[in-house]
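Enquirer: Between the sequences and the hints, there should be enough to build the whole structure, so can you do that?
Top to bottom, those sequences are chains V and A.
In terms of my numbering, the first sequence opens at residue 1 and continues consecutively.
In terms of my numbering, the second sequence opens at residue 1 and continues consecutively.
Treat the hints with care, as some may be off.
Said to hold, decoys possible - Simulated DEER-style distance windows between Cβ atoms:
| no. | chain 1 | residue 1 | chain 2 | residue 2 | range |
| --- | --- | --- | --- | --- | --- |
| 1 | V | Arg148 | A | Arg137 | 31 to 37 angstroms |
| 2 | V | Ala172 | A | Ala26 | 43 to 49 angstroms |
| 3 | A | Ala110 | V | Gly330 | 56 to 62 angstroms |
| 4 | A | Asp125 | V | Arg205 | 53 to 59 angstroms |
| 5 | V | Arg148 | A | Asp125 | 45 to 51 angstroms |
Hint data in this document are derived by calculation from the structure and do not stem from the laboratory.
It should be emphasised that the depicted structure is a prediction, and the values quoted were computed from it without experimental measurement.
Ideal Cβ placement from N, Cα and C applies to all residues, glycine included.
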Amino acid sequence: MKAALLIDFGSTYTKLRAVDVESATILGSGQGPSTVGSDITIGMRAALADLERHLGVLPRFAYRLACSSAAGGLRMVTVGLVRELTAEAARQAALGAGARLVGTFAYRLTASDVSRIEQLAPDILLLAGGTDGGNSEVILHNADALGRSRVACPIVLAGNRSAMDQCRERLAGRALIVTENVMPEFNVLNIEPARSAIREVFIDRIVHAKGIDRARTMFDQVLMPTPAAVMEGARLLADGCAGVAGLGTLLVVDPGGATTDVHSIASGEPSQAGVIPQGLPEPRVKRTVEGDLGMRHNVAAIDEAAGAGVIAAESGIPASRVHELIAELGREVERVPGSAEERALDRALARAAVRLAVKRHAGTVETVFTVSGPAVVQHGKDLSDVNVVIGTGGALVHSPDPRAILETSLADPGDPFSLRPRAPRLLLDREYILYACGLLGQVEPRQALALGLAHLAPLNEEIGDERTVET
Amino acid sequence: MSRRTLVTGVIGSDTHIVGNRILSMALEKAGYKVVALGALTPAAEFVKAAVETNADAILVSSLYGQGELDCRGFRDLCIEAGLERILIYVGGNLVVGKQTWGEVEKRFVAMGFDRAFPPGTRTDDVIRILAQDFASRARDDPMEQQ
Numbered sequence: 001m002k003a004a005l006l007i008d009f010g011s012t013y014t015k016l017r018a019v020d021v022e023s024a025t026i027l028g029s030g031q032g033p034s035t036v037g038s039d040i041t042i043g044m045r046a047a048l049a050d051l052e053r054h055l056g057v058l059p060r061f062a063y064r065l066a067c068s069s070a071a072g073g074l075r076m077v078t079v080g081l082v083r084e085l086t087a088e089a090a091r092q093a094a095l096g097a098g099a100r101l102v103g104t105f106a107y108r109l110t111a112s113d114v115s116r117i118e119q120l121a122p123d124i125l126l127l128a129g130g131t132d133g134g135n136s137e138v139i140l141h142n143a144d145a146l147g148r149s150r151v152a153c154p155i156v157l158a159g160n161r162s163a164m165d166q167c168r169e170r171l172a173g174r175a176l177i178v179t180e181n182v183m184p185e186f187n188v189l190n191i192e193p194a195r196s197a198i199r200e201v202f203i204d205r206i207v208h209a210k211g212i213d214r215a216r217t218m219f220d221q222v223l224m225p226t227p228a229a230v231m232e233g234a235r236l237l238a239d240g241c242a243g244v245a246g247l248g249t250l251l252v253v254d255p256g257g258a259t260t261d262v263h264s265i266a267s268g269e270p271s272q273a274g275v276i277p278q279g280l281p282e283p284r285v286k287r288t289v290e291g292d293l294g295m296r297h298n299v300a301a302i303d304e305a306a307g308a309g310v311i312a313a314e315s316g317i318p319a320s321r322v323h324e325l326i327a328e329l330g331r332e333v334e335r336v337p338g339s340a341e342e343r344a345l346d347r348a349l350a351r352a353a354v355r356l357a358v359k360r361h362a363g364t365v366e367t368v369f370t371v372s373g374p375a376v377v378q379h380g381k382d383l384s385d386v387n388v389v390i391g392t393g394g395a396l397v398h399s400p401d402p403r404a405i406l407e408t409s410l411a412d413p414g415d416p417f418s419l420r421p422r423a424p425r426l427l428l429d430r431e432y433i434l435y436a437c438g439l440l441g442q443v444e445p446r447q448a449l450a451l452g453l454a455h456l457a458p459l460n461e462e463i464g465d466e467r468t469v470e471t
Numbered sequence: 001m002s003r004r005t006l007v008t009g010v011i012g013s014d015t016h017i018v019g020n021r022i023l024s025m026a027l028e029k030a031g032y033k034v035v036a037l038g039a040l041t042p043a044a045e046f047v048k049a050a051v052e053t054n055a056d057a058i059l060v061s062s063l064y065g066q067g068e069l070d071c072r073g074f075r076d077l078c079i080e081a082g083l084e085r086i087l088i089y090v091g092g093n094l095v096v097g098k099q100t101w102g103e104v105e106k107r108f109v110a111m112g113f114d115r116a117f118p119p120g121t122r123t124d125d126v127i128r129i130l131a132q133d134f135a136s137r138a139r140d141d142p143m144e145q146q
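Expert: Okay, structure coming up:
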């Protein structure tokens, strides 16, 4: 047997999955509190003891790989030039690296922008701006402003190539990583190099800065932030690996306590002929984070975003009572629904969070009328033909009816301009295996893929069967 | 001297791309770096592209007769984005109905375009005039010399 230990240092819990690599099966799970604030080893020891109780005896682990969203996650600030262009590309790169964006800035940084960044004290700052050979004035201004500031975090430089040397001078004394431009040519997205630079800084510096490496005798390496591990898992499940086919285009939906994350692995090109894509090209592997859609920390915001009375109507709970319960949940963020009423509320909240988050992640079409007739223009990704939607996270796994929640990610006939999945298979990440799959995929992709495929539970297999017959 | 950058595209709800594409190809062949935005391009997108790429000129095409509406305020948008001095051209079937070219040209110049070109303009003429305009700007303002 070749065992692997896959660790998630979360914000609330330290979670462990022990897997047998050869048979691609889960040997057992363990959980402890998150103790990064004091001493990370305490939570880790508790989780290992829990795992040992389940297994009897701990095997010798061939791999011990970790991801982390503890200590506030990877807190990042991005700076670009035009909001819809390099500033957006920088945002995409940071999100793709699994960061938690705490601030996004565009154009020239003002004095108050700079003091805001000082206050935010991010873990990493990503500075972009200008296409290669394009505008260099603004990124130089911003490098200068940051160079004079008290911002002390590592800075990833991914802007206009022609301005990089001068930026470096203006930021002398800072930890700098210069990488390729996030937008080397107008409207050409190149976020992969910035993404891997961010991940390197995370491994080399942030893990230490956050005190995670105090537990370093208990693991081999912290490879990436947890959202990046989930994304790597999703990518592996979608694309497969040498000789083994994956699931094809997919979407991962994760309604969490503080945010709702959506990942898509799909080109997002128009599914219908004649549709004209507009705006910045979309990354094939895309992550969005909805900061106002958190099942606990931002529960009042979900109610607001869902629209007046929607949560009350869906849950069958009177509006006044909904407000009371929401106020309680916002205060007690670790509360697990106990009564039937609370379960009904949680179901309605999760349905709203998933519906809104997927709607924002997916692209839209609109008809514009031209002299030569109507033309259909697409913004964002067309996810109509996505094969699979995977639901993950506590709100889905602990729900008695996860299908009812995950189904809200689907296309709505009443809203034909939103390009959400039409007839995907719905799978539930019942064992919370996606992050483990992403971590193990870094060393044993084939076995990690098998592990993921074996542990996703189908929620609507009849649709899956129809599709198999069709194609 | 580094290559000059030009932004081209067809403005508004106009899908007539052929002439603009021919022009873009000719400009590229003449040695310019061309950022071609294609058909159906909103005015603001020309300006955003010019900011990010530090373009030297924007060449706007309009073929469907609504150019006047689409191009209104174009210079103001450029000024707003910090591109006070960028060279802007417009060309194509800019208006419908019986109007003399002189009137039309005057109107577009009044809107802030440096030059307006009538239907049937040859790409060679555009390239020649562009070179002249860049040269005269460089003479007026030595700082602009690249």
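Enquirer: So, for every hint listed, does it hold in this structure?
Expert: For each hint, the structure was consulted:
| no. | hint | result |
| --- | --- | --- |
| 1 | V:Arg148 x A:Arg137: 31 to 37 angstroms | holds, 34 angstroms |
| 2 | V:Ala172 x A:Ala26: 43 to 49 angstroms | holds, 45 angstroms |
| 3 | A:Ala110 x V:Gly330: 56 to 62 angstroms | holds, 58 angstroms |
| 4 | A:Asp125 x V:Arg205: 53 to 59 angstroms | holds, 58 angstroms |
| 5 | V:Arg148 x A:Asp125: 45 to 51 angstroms | holds, 49 angstroms |
Checked against the numbered hints above, the structure breaks none of them.
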